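**Q** So the protein sequences, as listed, match chains A and B. Per the working numbering, residue 19 is the first one in the first sequence, and the count goes up by one each step. Per the working numbering, residue 19 is the first one in the second sequence, and the count goes up by one each step.
Since the hints were derived computationally from the structure, they do not count as laboratory data. Fair warning: this is a prediction, and the values are worked out from it, not measured in the lab. Don't be surprised by glycine CBs; every beta carbon is placed ideally from N, CA and C. It cannot be assumed that every hint is accurate.
Restricting the straight-line Cα-Cα distance to at most 25 Å, the calculated cross-link-like pairs of lysine to any residue (SDA-like) are [as the list claims (entries may be wrong)]: (1) A:Lys-235 x B:Glu-82; (2) B:Lys-235 x A:Leu-55; (3) B:Lys-236 x A:Ser-323; (4) A:Lys-427 x B:Gln-266; (5) B:Lys-236 x A:Glu-282; (6) A:Lys-177 x B:Lys-235.
Covered stretches of chain A (chain B as the covering partner; in silico rule of three or more C-beta atoms under 8 Å from a C-beta of chain B) [stated by the list, open to error]: (7) 290-296; (8) 380-394.
2 protein chains.
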Amino acid sequence: MNEKILMDLIEQKRYIELKEKLSEMNEVDIAELLNPLEHHITLLIFRMLPKNVAVEVFSYFSSEHQADIINAITDKELKYILDELFFDDMIDLIEEMPANLVNKILTNSTQDERKLINQFLKYPADSAGSLMTIEYVELKKEMTVIEALKHIKAIGLSKETIYTCYVIDNNRKLEAIVSLRSLVVSDDNKSIEDIMHDDVIYVNTHDDQETVAGIFKKYGFLALPVVDMERRMTGIITVDDIMDVMEQEATEDFQRMAAMSPSEEDYLDSSVLTLAKQRIPWLLILMVGATFTGGIIAKYEDVLSAVVILTAFIPMLMDTGGNSGSQSSTLIIRGLATGEISLEDIWKVLWKEFRISLIVGITLASVNFIKNMLLDRVGFIVSLTVSCTLVVTVMVSKIVGGVLPLLAKRLKMDPAIMAGPLITTIVDTLTLMVYFKIASSLMHL
Amino acid sequence: MNEKILMDLIEQKRYIELKEKLSEMNEVDIAELLNPLEHHITLLIFRMLPKNVAVEVFSYFSSEHQADIINAITDKELKYILDELFFDDMIDLIEEMPANLVNKILTNSTQDERKLINQFLKYPADSAGSLMTIEYVELKKEMTVIEALKHIKAIGLSKETIYTCYVIDNNRKLEAIVSLRSLVVSDDNKSIEDIMHDDVIYVNTHDDQETVAGIFKKYGFLALPVVDMERRMTGIITVDDIMDVMEQEATEDFQRMAAMSPSEEDYLDSSVLTLAKQRIPWLLILMVGATFTGGIIAKYEDVLSAVVILTAFIPMLMDTGGNSGSQSSTLIIRGLATGEISLEDIWKVLWKEFRISLIVGITLASVNFIKNMLLDRVGFIVSLTVSCTLVVTVMVSKIVGGVLPLLAKRLKMDPAIMAGPLITTIVDTLTLMVYFKIASSLMHL
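This is chain A alone, in the form it adopts within the complex (with noise of 0.2 Å):
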């Protein structure tokens, strides 16, 4: 159903119809139609679908929605939506809402609940405890194989996921995992020790989102736990809520190395100023950063003004060792960021990066050399200037953007911010100076 369709039936009041087609979409679908329509409609379907639909859209919601439902809806719809949302999707509501509508939140919720939301938004942003969820199954080892199904059969419906389960001791320390699966193939009368794992992977409530990207990558789990200072179980991270980070993660590669201060909003949700405040501040320093190539112009302006035509050949050399080097950068940035290249590795993308330039420093060069003397005609000694210092900006910008994102890591900062930009900047005053003192020997100024 698209929205001319809905829009139709609507105006002509067939609901019946209308339920019929929503009840046949995803929900994620149903919320992707209503987020651009008007409010009013909105709150109309939102009533119209069946409750546990309507709570799963619901989350699906941009937040202006969100908002205008929860202002709309009585205390007990909002109380049923408040029970039924996971908890992960509770407090990222929480975080979004202005503050009368958190208040209306926390009214209908219970006193163990806001204590328990509390403690969640205490936890660091892009931490593992800002992604996690309480909605997971434990498990004691004591238990049988039928027992544990039983377990699960009972409560499983309100859990985020049932495929994997916890089995946690009497201090609730996390001691081992075992998957719906092994649970599902093995004998009844099992004990759950007999096919738990206990050599469990977890990671800790103040882990970096990213290092918990990385593990999910690197095992291809469906859901890591999420334990404390003490190994007491807090909740679990599942896979889907990690597919936004790698997401997120990637755009604020992206954005850095492009010369932005990350933000997480989207870009068009995001006012004008501050998508411009998100990029002055590197712009500034570039600018300033830009005056040493002005000043090795200034120094050798003699040697300009006596053979002019050098000065056409500054934007052509810059911008070829700018893009050399921002090749090499983006490609150690990357590996640095997918965990294929580590610190360890200097000397390796070194040696590399080495051969590399030589090869397209020589071959940039020679067709530079043919085009300077047949096409621009420009003479001899200044093709070969050119031509010369064409070989040495690439050789020294791959090897400044092979390496300077790695020192960027060893210095714990972050590589992607030793991309294009920044790289071009530093690079641009060496090719300068290579180029007029390449000309200042070769023509004997």
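Since the structure of chain A is already known, use the hints to place chain B on it.
**A** Then chain B, alone, in the frame of chain A:
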């Protein structure tokens, strides 16, 4: 256990202790520990592992280790590995092995398997077909819950995922899905038909992996069914393989955006020549493209010789333009990749970038004007020329950077090409034209 401890245990022939330590490790970690070691040590430890663990470790080995092990083991051992390996891992293996080992693998498979292998090898790279595996659970809608659970218990251990089961009709057409969760929490005597979902979301064997990854992200699935043109069930794709796809797609975008041909091979594993070939084409294109910029400088030679100091600001203006454009194009390219921005948003983007660039341009120009007057002391007219050019450059760059990725998408090209390097080359020319126009009119040259 780390490499040091492992080598010590082997040297001192403390094999029982070694086995014990290995049994506590995750298969992924064992493979990671063995991957850098010499082949005879890998083989020694490989044979020490329990058979089922060995097969899983094998699937995580580097292709060199896999080849060496297939070379060294008996046909009987190989047959065991092939039987236990998931089908998608087997296809990956065959694609990586040299011809003589592929022969050894094929002679150890049954005729049916060979037929299926051939069919799978024909799916295009990066298609849903090339990602899927055939180990899934099939159910019939006439079954009861208890019958289904018994069926899963009987065959479950050899299936890659049993958490989603697929209901097919007598023509093998996909009818519905039913989750193990529903099976476990439902009454034993309910029929599958009562608890199954028939609004199944599925993909076709020829769909692109980016589409598939998009569906996983949107709906948070653990597995997705793959059907042929007649909607007959042919396989499933699991979420762990999709995390690899997401990472790979992001890496390809990073590479394209840094003016490289994308490559799936790891940096450290690629030869110098391969890496050079990946980088040269775009550098050449952009180098030749910069000829236009040089042409403009050559054309305005007399302006430059009259006021030589103007040359000193060319690098700063070019870099700032390039950086401003990169910021905008990066946000738009990424937004298109994550699905947040679509083609219809082009006017919204234009209007947004216009307003942002006004703020950013005026801010940078003001700082630059003060710096020019107080620090560089280049006089009022030059400061004004440079600052006015800055405003125009930033605005043009941001609008070009915002719109070109959308145009590329419209022309069915990859938007990631319209990133920093290409935008820089385009914007350089515009920047210099504006600079010289403003200079000649302000200075009456």
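**Q** Next, verify each hint and record whether it holds.
**A** Structure-based check of each hint:
Annotation: proposed proximity of A:Lys-235 to B:Glu-82 holds, straight-line Cα distance about 22 Å (limit 25 Å). A hinted pair counts as satisfied when its Cα atoms are at most 25 Å apart, and B:Lys-235 with A:Leu-55 qualifies at roughly 23 Å. Under the criterion of a C-alpha separation no larger than 25 Å, the hint pairing B:Lys-236 with A:Ser-323 is inconsistent with the structure, at around 61 Å. Restraint check for A:Lys-427 and B:Gln-266: satisfied, since their Cα atoms lie roughly 22 Å apart, inside the 25 Å limit.
Restraint check: the Cα-Cα separation between B:Lys-236 and A:Glu-282 comes to about 18 Å, which is no more than 25 Å; the hinted pair holds. With a C-alpha separation of about 21 Å, the suggested pair A:Lys-177 and B:Lys-235 falls inside the 25 Å cut-off, and the hint holds. Under the rule that three or more residues need a Cβ within less than 8 Å of chain B, the assignment of the segment 290-296 of chain A holds, with 4 such residues. Residue count for the segment 380-394 of chain A with a Cβ under 8 Å from a Cβ of chain B: 6. That meets the three needed, and the coverage hint holds.
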